Amino acid sequence: MVKVTIDGISIDVEPGTSILNAARQIGGDIVPPAMCYYSKLEGSGGKCRTCLVKVSKGSEKDPRPMPKLVASCRTTVMDGMEVQNITSPEVVEARKGVVEMLLINHPLDCPVCDQAGECHLQDLGFEHGAAKTRYEFDRRTFERIDIGDKIQLHMNRCILCYRCVFTADQITNQRVHGVLNRGDHAEISTYIHKAVDNDFSGNVIDVCPVGALTDKTFRFKNRVWFTKPVEAHRNCDHEKCNGKVTLWYKGEDVLRVTARKDQYGEVEEFICNTCRFDKKKTSDWVIEGPRKVSNQSVISSNHYDTLHPLPVVKTNPVLQEANKEQFERETRL
Amino acid sequence: MGRKLLLEHINVPGINTFDVYRSKGGYAAVEKALKTLTPDEVVEEVKKSGLRGRGGAGFPTGMKWSFLAKPEGVPRYLVCNADESEPGTFKDRYLMTHIPHLLIEGMIIASFALGAKTSYIYVRGEMMPQIRILEKAIAEARNAGFLGKNILGTGYDLELYVQPGGGAYICGEETALIESLEGKRGNPRIKPPFPAIAGLYGCPTVVNNVESIAATVPIIRDGGDEYAKIGIGRSTGTKLISASGNLNKPGVYEIELGVPVEEFIYSDEYCGGIANGKRLKAVVAGGSSVPILPANLILKTINNESRLMSYESLSDGGFATGSMMGSGGFIAFDEDQCIVRNTWNFARFYHHESCGQCSPCREGTGWMEKVLHRLEHGHGKLSDMDLLVDVSKKIEGNTICPLGDAAAWPVASAIRHFRDEFEWHVTNPTEAVSRNFGLAHYADPLSKPEEVA
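Protein chains in written order, with this note's numbering: chain Y, 33 to 365; chain E, 4 to 456.
Hints in this document: simulated from the structure, not taken from any laboratory. Just so you know, these numbers come straight off a predicted model, no measurement behind them. Positions of the beta carbon are idealized from the N, C-alpha and C atoms, including for glycine. Errors might be hidden in some of the hints.
Said to hold, decoys possible - Derived DEER-like restraints, expressed as beta-carbon distance ranges:
id, chain 1, residue 1, chain 2, residue 2, range
1, Y, GLY75, E, ALA60, 52 to 62 Å
2, Y, GLU92, E, ILE235, 33 to 43 Å
3, Y, GLU301, E, LYS194, 51 to 61 Å
4, E, PRO405, Y, MET33, 28 to 38 Å
Stated by the list, open to error - Where chain E lies over chain Y, by a calculated footprint (3+ residues, C-beta under 8 Å):
id, segment
5, 67-81
6, 211-223
7, 242-251
Take these sequences, add in the hints, and give me the full structure.
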């Protein structure tokens, strides 16, 4: 076990762990954001640069600090390493810069984007972004294309995290899409508009951190924060899929099926296309219970809490006393 | 007259053929290395010579070689980086065109030192004639028994291949080059692991510039100590400089490191002064990636010492008042050149060549290019300069590979030293599109730096 200190909090981790994963073991605010790293996908990470941290002490043996900020998702910890994330102004500034770069060519069409509410870029922009852009030029645009009958690619929103490319390489049998061109005109595409068609292709929707790859069966059906996530499973006959999913209900209808995602937005187990696209009736599933959603997520705000005390509570001292604890929690936020 | 080691016989007719090269003492270094030295002794000679990488970063070559991991049963590779595409640099192309056997000879020595049985020369795709020349030279060397199985009866086998690249600037970055050589998209890898541990096909690999490899030939032939006598301080040996721009005699020059910049520009032995009797305004000393310097700072350092063509002296003063040796692409600008336009041109190049893998470089280079384009064409704002400096800071150091830094430095340094000219482009937009700012005070003697209390 090696000891690493992140923002003053020490933890012992296995040798070979990345700084990001060590931070995730500590948890809380010191976890760097990650747009391209995906723990289930080998070789991912290092590209988006949002997880930059400062290594103020290299290791016990070699205490020199690292000269540049490093990508925490691809830097392994050393014994005695000291890392600064949110305690370093340099890191906060660099992260702000990266978020600004990610947003200059982003269409910012969150009001009509299906990903809004569960979009990592939205969260990141909310936390680190500037209120106004300094970019005064036309944004890069692409035509949106359907890659297969169930997935739509909206390249304008893409941040080129390469996650969907790694997914296709590692989860599916055959990759038919990739990155074409280079620089800021690079794009995710299927060469000569070939359709992405295999049993696990739908997972690229789940791994996409933004709204670039969206589910056509859910497109424009509803906002995610109006839907209610419920955990369910079914006996899937696909040998690589065990049918554990999250169903997103609106009233009695299942609007969307996704894989179960952990608190960092990474899926726990990849699911097959049959589960995702074709089983949209409650009778197809065995319901396990409501899905726990972080109380910081916009998804939870609509169903499990009201943000403010109800008007009737505000005017009634007895009710105020009864709801005191809840009131304090909400006003603190 | 400075000593010539690489280009000594460059004017001999037919030096590009094996026979003439051999008659001028060529391949003697290979014979010496293979017959009398062990691989470790060759590495030791190169270490003693103090040779520093000629591709841009200036990392000591001998050190790089000694870092190579040597696990049992795993092949090791030597890759020669001939993907020379830095604007202003053309020394490797010159060397490969006119004296290809020098590179082949260096490759044999370096491969022997590293224990590589297969070596590659990765040549930029646009250099098709040079690829043909190298292939012909390799065939000649093979016929003479210097390549293939059992070279010179020493039992050492070496296969040498020339691999044309696709012509992307990013493939000059060593890990992107390796990716490209493996047949993949030329995206730089995330380091660590460094190529010395896991490079080509996951095996230990050394990537060296053409000139570094060629320089091992005189080092082995004359001995490392002899080589280290040339030059100044830690900048030993000779260096090829590709001089271009408004010079009387642009071209490739071999200099002993430590020649004063003033002598290099104005003496008849080298560039012969500024063309058409004009005056020097600015110099990019080591290829487009390094900071640009105004005439007064390139000739003298901030401490009023004469600036020399060496790794240390060119970077004297850090990024505030210094530049870098880089790859030796020496571009001189006379009083009629527009620095804003030139900076825009460099930014355009980096925008075009960014691989698009990591976000600061992908988005930032395009942003800088657009702002500079606006400035150059008279639509700029005074706040644009601060914006450019800020964007360049956001890119610098936050990217996977040095291309981000290379894109940020020229812009940041141009604004640092030529802010007047940028402001003039904003305040006089109509004039700026019809005439140039001129020399202004950029060649005036430096004022004494103020004492900081």
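Hint-by-hint comparison with the structure:
1. Y:GLY75 - E:ALA60: 52 to 62 Å: violated, 26 Å
2. Y:GLU92 - E:ILE235: 33 to 43 Å: With Cβ atoms ~39 Å apart, the hint holds.
3. Y:GLU301 - E:LYS194: 51 to 61 Å: At roughly 32 Å between Cβ atoms, E:LYS194 and Y:GLU301 fall outside 51 to 61 Å, so the hint is violated.
4. E:PRO405 - Y:MET33: 28 to 38 Å: This hint holds: roughly 35 Å between Cβ atoms.
5. 67-81: holds (count 5)
6. 211-223: holds (count 7)
7. 242-251: violated (count 0)
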